[in-house]
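Q: So the protein lines, in turn, are chains A and B. Going by the working numbering, the first sequence runs without a break in its numbering and finishes at 799. Going by the working numbering, the second sequence runs without a break in its numbering and finishes at 553.
I should point out that these hints are in silico values taken from the structure, not numbers from a laboratory. Everything numeric in this text was worked out from a predicted model, so none of it was measured. Heads up, the beta-carbon is just placed ideally off N, CA and C, and yes, glycines get one too. Careful: at least some of the hints might be erroneous.
[Unchecked claim] Part of the chain A face toward chain B, derived, beta carbon under 10 Å:
no. : residue
1   : Thr613
2   : Ala698
3   : Arg722
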Amino acid sequence: MALNPLLPFLMAGDPSLEALPGYLSEARALGLEALELGLPHSDPIADGPVLQAAAHRAIARGATPRRVLEALAGLTDSPDLILFTYLNPLLQLGVASLLRLLEPTPVRSLLVVDLPFGEEPEFEAALREAGYPMVPLLAPTTCLERAQALLGTRPDPGPDAPFAQRFAYVVARLGVTGAGQGTDLAPVLRRVDGLKAISNRPFAVGFGLSDPGSLQAVRALGATPVIGSALVAGLTSGSSIRTALSACLG
Amino acid sequence: MTDAFALPTRFGTQALGGCYAPETLMQPLLDLEAAFCGALADPAFQAELKAELRQFVGRPTPLTPAPRLAEKLGLKALFLKREDLAHTGAHKINNALAQALLARRMGKTEVIAETGAGQHGVATAAACARLGLRCTVFMGVTDMARQAPNVARMRLFGATVEPVAAGQGTLKEAVNEALRAWAGRCTTAHYILGSALGPHPFPTLVRSFQTVIGEEARAQVLDQAGALPDAVVACAGGGSNGLGLLVPFLGDPLRRLAVEAGGHGRALGEHAARLDGGRLGVLHGCKTLLLQDEHGHTAETASVSAGLDYPALGPELAALVLDRKVEVRRASDDEALAAARLLCESEGILPALESSHALALLSALAAEGAATVLLGLSGRGDKDLSTYQSRLEC
Numbered sequence: 550m551a552l553n554p555l556l557p558f559l560m561a562g563d564p565s566l567e568a569l570p571g572y573l574s575e576a577r578a579l580g581l582e583a584l585e586l587g588l589p590h591s592d593p594i595a596d597g598p599v600l601q602a603a604a605h606r607a608i609a610r611g612a613t614p615r616r617v618l619e620a621l622a623g624l625t626d627s628p629d630l631i632l633f634t635y636l637n638p639l640l641q642l643g644v645a646s647l648l649r650l651l652e653p654t655p656v657r658s659l660l661v662v663d664l665p666f667g668e669e670p671e672f673e674a675a676l677r678e679a680g681y682p683m684v685p686l687l688a689p690t691t692c693l694e695r696a697q698a699l700l701g702t703r704p705d706p707g708p709d710a711p712f713a714q715r716f717a718y719v720v721a722r723l724g725v726t727g728a729g730q731g732t733d734l735a736p737v738l739r740r741v742d743g744l745k746a747i748s749n750r751p752f753a754v755g756f757g758l759s760d761p762g763s764l765q766a767v768r769a770l771g772a773t774p775v776i777g778s779a780l781v782a783g784l785t786s787g788s789s790i791r792t793a794l795s796a797c798l799g
Numbered sequence: 160m161t162d163a164f165a166l167p168t169r170f171g172t173q174a175l176g177g178c179y180a181p182e183t184l185m186q187p188l189l190d191l192e193a194a195f196c197g198a199l200a201d202p203a204f205q206a207e208l209k210a211e212l213r214q215f216v217g218r219p220t221p222l223t224p225a226p227r228l229a230e231k232l233g234l235k236a237l238f239l240k241r242e243d244l245a246h247t248g249a250h251k252i253n254n255a256l257a258q259a260l261l262a263r264r265m266g267k268t269e270v271i272a273e274t275g276a277g278q279h280g281v282a283t284a285a286a287c288a289r290l291g292l293r294c295t296v297f298m299g300v301t302d303m304a305r306q307a308p309n310v311a312r313m314r315l316f317g318a319t320v321e322p323v324a325a326g327q328g329t330l331k332e333a334v335n336e337a338l339r340a341w342a343g344r345c346t347t348a349h350y351i352l353g354s355a356l357g358p359h360p361f362p363t364l365v366r367s368f369q370t371v372i373g374e375e376a377r378a379q380v381l382d383q384a385g386a387l388p389d390a391v392v393a394c395a396g397g398g399s400n401g402l403g404l405l406v407p408f409l410g411d412p413l414r415r416l417a418v419e420a421g422g423h424g425r426a427l428g429e430h431a432a433r434l435d436g437g438r439l440g441v442l443h444g445c446k447t448l449l450l451q452d453e454h455g456h457t458a459e460t461a462s463v464s465a466g467l468d469y470p471a472l473g474p475e476l477a478a479l480v481l482d483r484k485v486e487v488r489r490a491s492d493d494e495a496l497a498a499a500r501l502l503c504e505s506e507g508i509l510p511a512l513e514s515s516h517a518l519a520l521l522s523a524l525a526a527e528g529a530a531t532v533l534l535g536l537s538g539r540g541d542k543d544l545s546t547y548q549s550r551l552e553c
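All chains should be modelled from the sequences, with the hints used to inform the complete structure.
A: Right, dumping it as structure tokens:
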């Protein structure tokens with residue numbers, strides 16, 4: 550199966566921060582346009598066992614938010630990065646430090662799992678104005694009316710902007726990241742169909758997709774599948790990005 | 160989008176609280192708030208809750224004068240609000256029962272809960288047994304070992320106890336896992352959060368179901384002593400007991416105190432005293448005072464008391480503290496243990512380790528000039544017998 554379209558997820562600092570530039574370079578060489586990079590957090594309440602363990606390994610090896618962003622500084626041989634994170638580490642850095650750290654990196658947008666629109670309006674506005682929009686999340690519990698409102702609060706900057714700044718993330722199923730074998734895809738495919746009727750922006754679909762059939766079904770709808778836990782598990786066992794992704798793609 | 164909530168989501172001048180939840184949980188939280196408002200406005204719900212609190216929980220709980228302990232401490236009078244005599248042995252049942260009624264009203268078939276000391280887990284398991292709801296309780300493995308009798312009680316009530324081995328194996332990890340489980344089952348399950356924590360509407364909901372403690376205590380002390388005390392004091396883990404006792408006294412001219420776990424030292428990781436080194440941060444869905452490292456990672460905590468061993472103070476209590484309406488003090492493990500022994504010997508009451516932290520403050524209050532004190536005895540100490548036996552050599 551073709552590699553693209555695909556949105557891979559890596560946990561920064563797992564297995565090491567030193568390995569990160571190499572992974573990003575490999576991802577770019579594979580033709581991947583964008584990549585989600587997880588900022589390891591002590592209490593990842595939306596993550597399943599694989600990403601929890603990866604975050605805790607990374608923290609134990611010293612992958613603090615500051616060090617992660619410093620490791621990305623000056624990198625050009627990389628896909629556009631979407632920083633996948635929880636709110637508190639960003640709040641503790643503060644807007645000014647965060648923007649200083651982001652400026653020399655390939656990060657183009659932020660996906661903050663526990664930041665609903667409107668909870669930190671000044672923080673979010675400052676980031677958006679500096680060129681770092683928040684990715685809207687749409688869950689199985691998000692009705693179409695609410696989805697329309699959410700997409701309006703974090704709007705599509707338009708076709709000239711890169712995918713990383715335009716897409717909305719569709720959560721495929723209830724629960725946490727990873728371990729989705731046997732997920733019934735019919736409901737999420739119906740949701741993506743409904744979303745496409747109300748918005749022209751690109752959609753990525755994640756949480757529990759790792760088998761060729763699921764990935765193909767998402768692509769058939771014109772959406773981009775996310776591979777997270779399966780890729781992280783593959784890298785943990787020593788695979789390259791190509792090998793780990795190929796194993797998922799079949 | 161959270162402006163769709165009907166109730167205020169923030170507390171105090173620093174706007175603590177809020178609803179920092181993953182999108183999957185937003186609609187369930189909106190639904191929960193709507194059900195809560197509907198229940199409060201429904202006389203039938205209120206009548207059933209009141210009847211259950213009287214007939215099942217055993218409310219009102221007594222206000223017991225403690226003259227021998229008062230004399231030893233140099234107080235003129237001491238009154239104990241006896242939540243230890245509520246069914247299942249702590250104040251936790253007030254909230255667990257009310258939320259279980261709410262879960263049934265919402266048509267949920269399963270209840271998820273977290274527990275630290277096990278008191279909230281036992282209370283939730285009991286309420287679910289009474290109402291015929293399936294119950295799953297997440298509990299850290301460290302807490303399961305130190306509060307083993309409560310694990311057995313939950314299982315006897317038919318609950319499934321899910322061990323949580325991550326991190327320190329205490330309350331924080333149990334909340335993480337309960338939130339994850341709820342995200343997976345939120346269409347059929349209700350999450351009964353046990354403390355005044357978490358994303359809106361939980362802090363408001365839990366506080367409103369716990370203020371029965373202070374409302375009763377205020378009327379009882381006026382009846383028994385003819386006047387309000389000089390100080391009202393409660394222990395504070397997340398804050399459900401502290402808010403429950405202190406909020407009804409907010410308009411009164413007296414000292415209101417919450418006592419945090421001082422653990423065994425003052426360095427980060429050696430205590431659970433959020434005012435000592437805690438900074439504003441976001442954990443488990445709310446912004447509040449949080450013990451954390453410089454990177455925004457949650458710090459480890461330590462306390463002999465599982466119920467106080469948590470890195471965040473509930474947002475409403477934290478707001479009351481920052482706005483100087485409630486004072487916060489700390490008591491060390493050793494001070495709490497000594498205070499427990501003194502209450503046992505003076506009054507024949509075995510307090511929970513959590514409540515013992517409030518007791519440990521009494522001699523200081525006497526030294527500071529308080530003559531009469533009302534103390535929230537949040538729970539009974541049977542669950543802590545093994546700790547008392549090993550630490551107090553009894």
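Q: Is the hint on Thr613 (chain A) kept, meaning its closest Cβ partner in chain B is under 10 Å away?
A: 4 Å, holds
Q: For the hint on Ala698 (chain A), does the least C-beta distance to chain B fall short of 10 Å?
A: At about 6 Å, which falls below the 10 Å cut-off, the nearest Cβ of chain B leaves the hint on Ala698 (chain A) intact, so it holds.
Q: Against chain B, with CB atoms and a cut of 10 Å, does the hint on Arg722 (chain A) hold up?
A: With a minimum Cβ separation of about 8 Å from chain B (threshold 10 Å), the hint on Arg722 (chain A) holds.
Every hint, counting from the list given before, is met by this structure.
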